[in-house]
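Number of protein chains: 2
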Amino acid sequence: MIILGVDPGLRTSGYAVIEQRQRQLQVIDAGTFSADTELPLPGRLLQIYRDIDILLREHDINIMAIEQLYAHYKHPRTAILMGHARGMFLLAAADHNMPVDEYSATRIKKSLTGSGRAGKEQMQRSVMSQLSLARLPTPNDVADALAVAMCCINEHNRQEIIL
Amino acid sequence: MIILGVDPGLRTSGYAVIEQRQRQLQVIDAGTFSADTELPLPGRLLQIYRDIDILLREHDINIMAIEQLYAHYKHPRTAILMGHARGMFLLAAADHNMPVDEYSATRIKKSLTGSGRAGKEQMQRSVMSQLSLARLPTPNDVADALAVAMCCINEHNRQEIIL
Numbered sequence: 001m002i003i004l005g006v007d008p009g010l011r012t013s014g015y016a017v018i019e020q021r022q023r024q025l026q027v028i029d030a031g032t033f034s035a036d037t038e039l040p041l042p043g044r045l046l047q048i049y050r051d052i053d054i055l056l057r058e059h060d061i062n063i064m065a066i067e068q069l070y071a072h073y074k075h076p077r078t079a080i081l082m083g084h085a086r087g088m089f090l091l092a093a094a095d096h097n098m099p100v101d102e103y104s105a106t107r108i109k110k111s112l113t114g115s116g117r118a119g120k121e122q123m124q125r126s127v128m129s130q131l132s133l134a135r136l137p138t139p140n141d142v143a144d145a146l147a148v149a150m151c152c153i154n155e156h157n158r159q160e161i162i163l
Numbered sequence: 001m002i003i004l005g006v007d008p009g010l011r012t013s014g015y016a017v018i019e020q021r022q023r024q025l026q027v028i029d030a031g032t033f034s035a036d037t038e039l040p041l042p043g044r045l046l047q048i049y050r051d052i053d054i055l056l057r058e059h060d061i062n063i064m065a066i067e068q069l070y071a072h073y074k075h076p077r078t079a080i081l082m083g084h085a086r087g088m089f090l091l092a093a094a095d096h097n098m099p100v101d102e103y104s105a106t107r108i109k110k111s112l113t114g115s116g117r118a119g120k121e122q123m124q125r126s127v128m129s130q131l132s133l134a135r136l137p138t139p140n141d142v143a144d145a146l147a148v149a150m151c152c153i154n155e156h157n158r159q160e161i162i163l
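If you read the protein sequences in the order shown, they are chains A and B.
Take the first sequence: its letter number 158 is residue 158 in the working numbering, and every next letter is one higher.
Take the second sequence: its letter number 32 is residue 32 in the working numbering, and every next letter is one higher.
No lab work stands behind these hints, which were simulated from the structure alone.
Every residue gets a Cβ at the ideal spot worked out from N, C-alpha and C, and that includes glycine.
Don't take each hint at face value.
Pairwise CB distance ranges (calculated) [what the hints assert, rightly or not]:
1) B:Ile161 to A:Ser104: 49 to 57 angstroms
2) A:Gly31 to B:Gln130: 33 to 41 angstroms
3) B:Asp36 to A:Asp53: 44 to 52 angstroms
4) A:Glu102 to B:Gln24: 47 to 55 angstroms
5) B:Tyr70 to A:Ile54: 30 to 38 angstroms
6) B:Thr37 to A:Arg21: 36 to 44 angstroms
7) A:Asp53 to B:Gln24: 38 to 46 angstroms
8) A:Asp53 to B:Tyr70: 44 to 52 angstroms
9) A:Arg135 to B:Lys120: 51 to 59 angstroms
10) A:Ala134 to B:Thr37: 41 to 49 angstroms
11) B:Thr37 to A:Leu25: 32 to 40 angstroms
Derived, one-sided and incomplete: chain B residues facing chain A with beta-carbon distance under 8 angstroms [unchecked claim]:
12) Ala79
13) Ile80
14) Leu91
Where chain A lies over chain B, by a calculated footprint (3+ residues, C-beta under 8 angstroms) [what the hints assert, rightly or not]:
15) 38-44
16) 82-89
17) 93-103
Given the sequences, and given the hints that come with them, work out the whole structure.
Right under this line is the structure:
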């Protein structure tokens, strides 16, 4: 099973591609897309869309995992702009017939650390440990993409155990 | 000059294609796209994107006109979802190399009625009058798309006069 975790943003989006064979996990690709901030919004969205499209063609991904929207945002305008970028990822997934799993921030934290209130560093340490990485994952966009991908893998493994 | 006015939404999006020859205006196409609300979000976004793409192929449009984002929204989550749909329109415009003009709600109202605080019905009457329509434009999504297209046309004509 190959899972793509994504953390969409209008400036920088993080992604992480994790493969699970039996119970062995391997990060096969991870990084960020950066959109040219001097471009007007439509041009930036096109850059983001094309970058995701290339990624989805490169790997044989089974599921895209992404953070759920909250009910409340401190900065609604910024959040709506993020919504534009998030739409690019969902569109690309639909265009590739790829299912999308959404997880709340609390569920991601709980899945990785056992606590829905875990801080950023605890999350990074947990991701590092579970994926046997040599150092803490950075930048934040990649760390968040790894976390949502790991949450998706944990949830699917849990379902298999229950079944 | 052919202007496309759009009013993006996740359920229903309105569009209006207006052609200006000299100072004669003609609505050459107008209507709504409705996305299947039973589909998950990515599938709905794909429907919306494909509908816009077909529209942009049908007409030789010069500019897409769209309402600007506000600073504040009453319902941030709904607004972010609207942002996903809005992103589809901007992406389609960029993919067709089409410039996008954004206008604030106040500017649209002022351009059509002389008052930035005009109500919905006053706006509809103004659109009806300026476009010599036989009746009030409906539904709201189409009325709003006509209004933003008219605002764009008025602003461009004004610039020509100033120049």
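Legend entry - Range hint 47 to 55 angstroms (beta carbons of A:Glu102 and B:Gln24) holds or violated: holds (49 angstroms)
Legend entry - Distance restraint hint 33 to 41 angstroms, applied to the beta-carbon atoms of A:Gly31 and B:Gln130: At 51 angstroms between Cβs, range violated.
Inset, instruction - Go through the hint on B:Leu91 and say holds or violated, using the shortest Cβ distance to chain A against 8 angstroms. - result: At about 5 angstroms, which falls below the 8 angstroms cut-off, the nearest Cβ of chain A leaves the hint on B:Leu91 intact, so it holds.
Legend entry - 38 to 46 angstroms as the expected CB spacing between B:Gln24 and A:Asp53, which holds or is violated: Given a distance of about 42 angstroms, which is inside 38 to 46 angstroms, the answer is holds.
Inset, instruction - Establish whether the coverage given for the stretch 93-103 of chain B by chain A is satisfied; the threshold is a Cβ-Cβ distance below 8 angstroms, and no fewer than three residues must meet it. - result: holds (count 4)
Inset, instruction - Closer than 8 angstroms between Cβ atoms is the bar; does B:Ile80 clear it against chain A? Give me holds or violated. - result: For B:Ile80, the interface hint holds, since the closest Cβ of chain A sits about 4 angstroms away, which is under 8 angstroms.
Legend entry - Status of the given 41 to 49 angstroms range, CB of B:Thr37 versus CB of A:Ala134: Once the Cβ atoms are compared, 47 angstroms apart, the range 41 to 49 angstroms for B:Thr37 and A:Ala134 holds.
Inset, instruction - Just tell me: holds or violated, for the beta carbon distance of B:Thr37 and A:Leu25 against 32 to 40 angstroms? - result: 37 angstroms Cβ-Cβ, so the 32 to 40 angstroms window holds.
Inset, instruction - Could you check the hint for me, namely that B:Asp36 and A:Asp53 are 44 to 52 angstroms apart, CB to CB? - result: violated (23 angstroms)
Inset, instruction - State, for the Cβ atoms of B:Tyr70 and A:Ile54, whether the hinted interval 30 to 38 angstroms holds or is violated. - result: holds (34 angstroms)
Inset, instruction - Mind checking the hinted window 49 to 57 angstroms against the Cβ distance between B:Ile161 and A:Ser104? - result: holds (54 angstroms)
Legend entry - Per-residue hint verdict: B:Ala79, partner chain A, C-beta under 8 angstroms: B:Ala79 check passes; min Cβ-Cβ to chain A is 5 angstroms, inside 8 angstroms.
Hints 2, 3, 8, counting from the list given before, are not met by this structure.
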